[in-house]
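Undergrad: For what it's worth, the working numbering labels the leading residue of the sequence shown as 432, then goes sequentially.
Simulated from the structure, these hints should not be mistaken for lab results. Take the hints with a grain of salt, since some may be wrong.
Only pairs whose alpha carbons sit at most 25 angstroms apart, straight line, appear in this in silico DMTMM-like list of lysine to aspartate or glutamate [as the list claims (entries may be wrong)]:
id, residue 1, residue 2
1, K623, E496
2, K565, E496
3, K650, E724
4, K682, E724
5, K527, E638
6, K623, E724
7, K694, E707
8, K709, E638
9, K527, D564
10, K682, E496
11, K669, D564
12, K532, E591
13, K650, E519
14, K532, D481
15, K530, D564
16, K497, D627
17, K694, E496
18, K535, E638
19, K694, E594
20, K618, E594
21, K650, E489
22, K527, E594
23, K530, D488
24, K512, E700
25, K721, D662
26, K709, E665
27, K721, E700
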Amino acid sequence: MKKDKFYIFILSIIILFPQNIFAIEKIESNILLNETIENYDIPEVSGEVDNLPWRNDEDFLKAKEKYDTPILMAGFCAVLKNPLPGEEYNVSLAAKGIKGKVIKPSNIFSQNNSIGPYTEKRGFREGASYIGDKIIMTEGGGVCKIATTLYNLVALSNLEIVERHNHSMPVNYVPYGQDATVAFGVKDFRFKNTTDGNILVWSQLIENRLYMAFYGIQKPPRVTWNHEIRDIVEPSIKYVKNENLKKGEMKTVIEGLKGANVKSSITVEYEDGTVEMKSMGISRYLPLPKLIEAN
Numbered sequence: 432m433k434k435d436k437f438y439i440f441i442l443s444i445i446i447l448f449p450q451n452i453f454a455i456e457k458i459e460s461n462i463l464l465n466e467t468i469e470n471y472d473i474p475e476v477s478g479e480v481d482n483l484p485w486r487n488d489e490d491f492l493k494a495k496e497k498y499d500t501p502i503l504m505a506g507f508c509a510v511l512k513n514p515l516p517g518e519e520y521n522v523s524l525a526a527k528g529i530k531g532k533v534i535k536p537s538n539i540f541s542q543n544n545s546i547g548p549y550t551e552k553r554g555f556r557e558g559a560s561y562i563g564d565k566i567i568m569t570e571g572g573g574v575c576k577i578a579t580t581l582y583n584l585v586a587l588s589n590l591e592i593v594e595r596h597n598h599s600m601p602v603n604y605v606p607y608g609q610d611a612t613v614a615f616g617v618k619d620f621r622f623k624n625t626t627d628g629n630i631l632v633w634s635q636l637i638e639n640r641l642y643m644a645f646y647g648i649q650k651p652p653r654v655t656w657n658h659e660i661r662d663i664v665e666p667s668i669k670y671v672k673n674e675n676l677k678k679g680e681m682k683t684v685i686e687g688l689k690g691a692n693v694k695s696s697i698t699v700e701y702e703d704g705t706v707e708m709k710s711m712g713i714s715r716y717l718p719l720p721k722l723i724e725a726n
């Protein structure tokens with residue numbers, strides 16, 4: 432295990448075209464861009480989405496028909512802020528692995544059993560992971576974003592959660608209390624299909640956005656999250672020497688996040704007007720230290 436490694440890759444590519452060719456390319460690009468915007472949601476922050484990028488994909492349409500899952504139960508997009516290259520690669524690989532999974536009625540889905548173990552032999556790379564109050568590099572680092580997205584979908588679909596663990600520190604891509612972490616052989620994310628039909632999972636990473644959705648035979652009731660944040664702890668500040676910076680210069684590498692205890696629940700509103708409150712447990716977070724490079 433290699434600790435405390437950070438990777439920053441900056442790639443700038445400039446392609447120059449003759450003026451007449453560029454004009455044609457620009458028109459075609461605008462058409463494609465407009466079609467893309469119309470075809471699926473591109474949110475700025477993580478949350479529920481309805482227009483998903485694969486809705487006209489041939490493989491997806493065949494899977495919906497094969498497993499009799501015609502209805503979108505819930506869709507979620509996790510907007511990943513500044514993911515490291517290995518982390519982004521692992522999320523993409525895991526998203527491909529979970530795409531097309533089917534959970535039969537009364538069956539329990541396990542992320543670890545479905546796409547783990549998250550090892551180099553299975554194609555995963557080193558990515559950032561939380562261990563206590565530290566960020567280190569581990570094989571498969573980043574796959575917790577799959578667990579987090581699944582967790583939000585399960586809540587929105589009003590399904591039964593069998594096992595869920597929060598991160599040791601807060602994450603910056605979903606609200607406190609709405610994350611989930613996994614560690615093969617130690618921590619898993621599991622849920623039960625409590626509907627009367629199959630549930631089809633579909634997912635795709637596009638740039639820094641992880642799209643995922645459940646499809647089944649019925650639309651779930653309306654679900655909203657509730658969070659009560661307690662016992663807030665301010666993050667500490669850690670300084671790391673970087674001789675590549677100018678003398679006296681400082682650069683923030685990681686924005687700190689406050690520690691807290693968070694009591695979460697969901698409000699479920701049924702079509703007949705019945706309202707139910709369901710506890711989602713308590714998530715306890717250590718503060719994420721603010722990391723500053725200085726010279």
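Undergrad: Could you run down the list of hints and mark each one as holding or not?
TA: Going down the list of hints, with the structure as the test:
Restraint check: the Cα-Cα separation between K623 and E496 comes to about 22 angstroms, which is no more than 25 angstroms; the hinted pair holds. Straight-line distance between C-alpha atoms of K565 and E496 comes to about 46 angstroms, which puts the hinted pair past the 25 angstroms bound. For the proposed pair K650 and E724, the alpha carbon gap of about 49 angstroms is over 25 angstroms, so the pair is violated. The hinted pair formed by K682 and E724 meets the criterion: a straight-line CA distance of about 5 angstroms does not exceed 25 angstroms.
As the CA atoms of K527 and E638 are separated by approximately 14 angstroms, the hinted pair is consistent with the 25 angstroms bound. For a cut-off of 25 angstroms, the pair hint linking K623 to E724 is broken: about 45 angstroms separates their Cα positions. Between K694 and E707, the direct Cα distance comes to roughly 17 angstroms. Compliance with the 25 angstroms bound is thereby established for this hinted pair. A hinted pair counts as satisfied when its Cα atoms are at most 25 angstroms apart, and K709 with E638 does not qualify at roughly 34 angstroms.
Pair hint K527 plus D564 does not hold up; C-alpha atoms about 30 angstroms apart against a cutoff of 25 angstroms. For the hint linking K682 to E496, the alpha-carbon distance of about 52 angstroms lies beyond 25 angstroms, and the restraint is violated. Between the alpha carbons of K669 and D564 the distance comes to roughly 12 angstroms, so the proposed pair stays at or under 25 angstroms and holds. About 18 angstroms separates the Cα atoms of K532 and E591, which keeps this hinted pair within 25 angstroms; it holds.
Distance hint between K650 and E519 is unfulfilled; the C-alpha atoms sit about 31 angstroms from each other, more than 25 angstroms. Of the pairs offered as hints, the one joining K532 and D481 holds, with about 20 angstroms between alpha carbons and a cut-off of 25 angstroms not exceeded. Annotation: proposed proximity of K530 to D564 is violated, straight-line Cα distance about 32 angstroms (limit 25 angstroms). A distance of roughly 16 angstroms separates the Cα atoms of K497 and D627; the hinted pair therefore holds under the 25 angstroms criterion.
Our distance criterion of 25 angstroms between C-alpha atoms is broken by K694 and E496, whose separation comes to about 40 angstroms. The suggested pairing of K535 with E638 is violated, with an alpha-carbon distance near 31 angstroms, which exceeds 25 angstroms. For the suggested pair K694 and E594, the alpha carbons sit about 17 angstroms apart, so the restraint of at most 25 angstroms is met. About 8 angstroms separates the Cα atoms of K618 and E594, which keeps this hinted pair within 25 angstroms; it holds.
Restraint check for K650 and E489: the C-alpha separation of about 23 angstroms stays at or below 25 angstroms, so the hint holds. Straight-line distance between C-alpha atoms of K527 and E594 comes to about 23 angstroms, which keeps the hinted pair within the 25 angstroms bound. Between the alpha carbons of K530 and D488 the distance comes to roughly 13 angstroms, so the proposed pair stays at or under 25 angstroms and holds. A distance of roughly 32 angstroms separates the Cα atoms of K512 and E700; the hinted pair therefore is violated under the 25 angstroms criterion.
Proposed proximity of K721 and D662 is supported: the alpha carbons are some 19 angstroms apart, at most 25 angstroms. For the hint linking K709 to E665, the alpha-carbon distance of about 29 angstroms lies beyond 25 angstroms, and the restraint is violated. Simply put, K721 and E700 have alpha-carbon atoms about 40 angstroms apart, too far for the 25 angstroms limit, and the pair is violated.
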